[in-house]
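We have chain A already, so just place chains B, C and D on it with the hints.
4 protein chains.
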Amino acid sequence: MTQRMAGKRILITRSEEYMGPACAALFRQEGGEVIADNSDLGSEAECLTVIEEAGHVDVLIVNLAAPNHYGVLATDLAEEDWLQTFELLVHPLHRLVKHALPPMIERRKGKIIVIGSATPLRPMGRLCAYSAARGAQISYVKSVGVEVARHNVQVNLIAQNWVENPAYYPPELMENEKFLKNLQEQVPLGRLAKPEEDAALALFLAGEESDFFVGQAIPFSGGWAS
Amino acid sequence: MTQRMAGKRILITRSEEYMGPACAALFRQEGGEVIADNSDLGSEAECLTVIEEAGHVDVLIVNLAAPNHYGVLATDLAEEDWLQTFELLVHPLHRLVKHALPPMIERRKGKIIVIGSATPLRPMGRLCAYSAARGAQISYVKSVGVEVARHNVQVNLIAQNWVENPAYYPPELMENEKFLKNLQEQVPLGRLAKPEEDAALALFLAGEESDFFVGQAIPFSGGWAS
Amino acid sequence: MTQRMAGKRILITRSEEYMGPACAALFRQEGGEVIADNSDLGSEAECLTVIEEAGHVDVLIVNLAAPNHYGVLATDLAEEDWLQTFELLVHPLHRLVKHALPPMIERRKGKIIVIGSATPLRPMGRLCAYSAARGAQISYVKSVGVEVARHNVQVNLIAQNWVENPAYYPPELMENEKFLKNLQEQVPLGRLAKPEEDAALALFLAGEESDFFVGQAIPFSGGWAS
Amino acid sequence: MTQRMAGKRILITRSEEYMGPACAALFRQEGGEVIADNSDLGSEAECLTVIEEAGHVDVLIVNLAAPNHYGVLATDLAEEDWLQTFELLVHPLHRLVKHALPPMIERRKGKIIVIGSATPLRPMGRLCAYSAARGAQISYVKSVGVEVARHNVQVNLIAQNWVENPAYYPPELMENEKFLKNLQEQVPLGRLAKPEEDAALALFLAGEESDFFVGQAIPFSGGWAS
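Chains as they are written, first to last, in my numbering: chain A, 1 to 226; chain B, 1001 to 1226; chain C, 2001 to 2226; chain D, 3001 to 3226.
Among the clues, some could well be false.
Stated by the list, open to error - The calculated lysine-lysine pairs, modelled on PhoX-like cross-linking and capped at a C-alpha distance of 25 Å, are:
| id | chain 1 | residue 1 | chain 2 | residue 2 |
| --- | --- | --- | --- | --- |
| 1 | C | Lys-2181 | A | Lys-181 |
| 2 | A | Lys-109 | D | Lys-3194 |
| 3 | C | Lys-2194 | A | Lys-181 |
| 4 | A | Lys-181 | D | Lys-3181 |
| 5 | A | Lys-178 | C | Lys-2181 |
| 6 | D | Lys-3109 | A | Lys-194 |
| 7 | A | Lys-194 | D | Lys-3008 |
| 8 | C | Lys-2181 | B | Lys-1008 |
| 9 | D | Lys-3194 | D | Lys-3181 |
| 10 | D | Lys-3181 | A | Lys-109 |
| 11 | C | Lys-2194 | B | Lys-1109 |
| 12 | A | Lys-8 | D | Lys-3194 |
As the list claims (entries may be wrong) - Taking CB as the label site, the calculated pair distances span:
| id | chain 1 | residue 1 | chain 2 | residue 2 | range |
| --- | --- | --- | --- | --- | --- |
| 13 | C | Gly-2042 | D | Pro-3102 | 29 to 35 Å |
| 14 | A | Glu-177 | C | Glu-2185 | 14 to 20 Å |
| 15 | D | His-3056 | A | Ala-45 | 58 to 64 Å |
| 16 | C | Glu-2185 | B | Glu-1175 | 50 to 56 Å |
| 17 | C | Glu-2106 | A | Glu-106 | 54 to 60 Å |
| 18 | A | Arg-107 | D | Asn-3182 | 24 to 30 Å |
FYI, nobody ran anything at the bench for these hints, they're computed from the structure.
By construction, the Cβ of each residue, glycine as well, lies at the ideal position given by its N, Cα and C atoms.
Same shape as in the complex, but just chain A:
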């Protein structure tokens, strides 16, 4: 067994949702000390507390999730759902990054990995709030990524789609023939990724061998977007 995270402390937010469990499992398996946080991240103060209580962090995995309201037309999407999407996916990103960066910059070493989405890379209708919020994440990562690279801190985003998770692909959907046919047509690889494969990309981005990745949104979608 490799121990690629030996001696590293990894903070994972919303650790029971989205890619949280798979990332926690793999980073622990690789010898890392994982701080699995489940705070709401609903204010700057709360995010600051999460960062402060975590102490020394080598790798911050910003894992955020929200209902995607898929299927709701732009003309029907309620103001409160719109605002909530940004509250859950966008504002916590800045709050966490803002407070996690200073010690990384001071040490001239650190990795921030955002678990994002490929939906902004290949436009889908009936998904306007989620698309906009995930697009904000990508542009944020690109800007901050180039800003802090000179301090040897790398900020990148996994632009994923078609990765197994119970929120977006519940068991009943996975047995739906129409969905499976659509999956074959839409995803060149013809299957969903396992969360473990996604975590393997996060692990690659967390290691020093990928220091030259800076401010990137890396498509991870079986060929659906590129």
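Coordinates of chains B, C and D only, in the frame set by chain A:
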């Protein structure tokens, strides 16, 4: 003189800011009836009122502006400035589009043009909130653009940079030698665009000859981004 | 009638193929003097002759066409078909641009518009030679576009797909129900563009109002790619 | 020591040039059997021989190199240099992929990694042939990548720039102050990558943990392009 907007009603928001004046002038010159609005757009109710009071609208130009806080590091950007950027640039976009679309969809005809930014297309540091918000606009337009195209309504965005305007390029900057040298190095064309050139692109997107443009973020930056 | 090309001389290559006829018709209708060339462009000497014989050229429309061999697997595509695709689509582009540029640079004025393809923007299988060649065109235009912009010469490319033309969409295909269903699913606008709409974009790019477009590959595909 | 390539046979072309030596070293260190080829690849027959003589290949690394003629204007680039660039960078790619794929498809397992360039992602002037050829590589990989994914064969490309190599960054350039200043300004990370870092990305793409990467051009440039 051509009369490319004869018989058309064009609603321009925040019409005294950013590209508002140039668009209003050109669209009037081309024979259009321009409704120049200057509301704050700070709530869904206010946006709905703007749309309702405008009456029949053939072309909606979503022109929004905000301080870009250029030069402020991500570690220094205040929560209130972060949130305000989304309040000014992102949330009004959905509120306006949501309420402007239904009559366009019913008529099977309509154009929405968002005056956006090229900054998400070529990442810049020290610009995190603005980049994120402008990126949200782009992803929103792409999603809604493909959603409503089947109703023959076209939603597109002008992804501009290096266009003259007093907010981002005040007179004293335009005489600054270092800025002018930077302009030569950064912008292949070697100059800023006149707002009139930008308005000419908006005019092209407002006409029927560009119906095949759907959900696009069109770079307009003298070759800086592409 | 507007006369947007009055006093302009426009050279269109392979003028009986692809977008040649529609461009020739519109540019003439707008008052331009069109030189409609149908040379093979199979060597640098031949391309040089075309440019020299055309004399003063304000706008060069590089319109090239080739069999796309759609449906042929990469493992089956013959060497000769591969090479021919580059002979028809890629090498003439450089030969024409190389010799058309000097007088434009000297006059500090000129437009080159390449009629390209959107296929590199949204990958399709079973189209490897055509995709590669059209991708070479896009990268060439981006490089040369930023190179010559400082001389006030603009080089851009129309990255089109789903535009009516008898070579790629023959009449029998247009009546095929499966094709029409596919068209509805793939193209958000739900229809092909008329060649006249495509020519209108070329006209926009040929005029001074679009001088700020530099080295761009502009998607024109009804929302299929963006 | 990990043995991530244990039991694997890796064919590397032009193995003494560009990223050949670094890839060969790392893949051997990880337990792989490396076939280091140095053929000219100047015809389909020669490429076929290379593939046939290599026997069973799990991973094909298409490593091609050519003079980039950086600094030569489009108006000055000779026909023979133009054609040679495609002979060296583009045509061998198809010839190798065409003949390497069938056994991979039959086994439902295989990886092809193209060592490409980021230059098409961020346009540079005075580099037209190289940009066009590297752009052709990217579009080819995207098309073939989605085509063969259903056979569980993954084709991807490393879109690199600013990676140490004696051809593009000779020792005298590395000591040139102007170059070093330019490096600081252009590359957010502020340094060149070591070839070993590049090989680490190739290793990641060669392993099963990255099967969900399909038909992608992955920027690897220290934040220069994204």
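Which of the listed hints are not met by the structure?
3, 4 and 8
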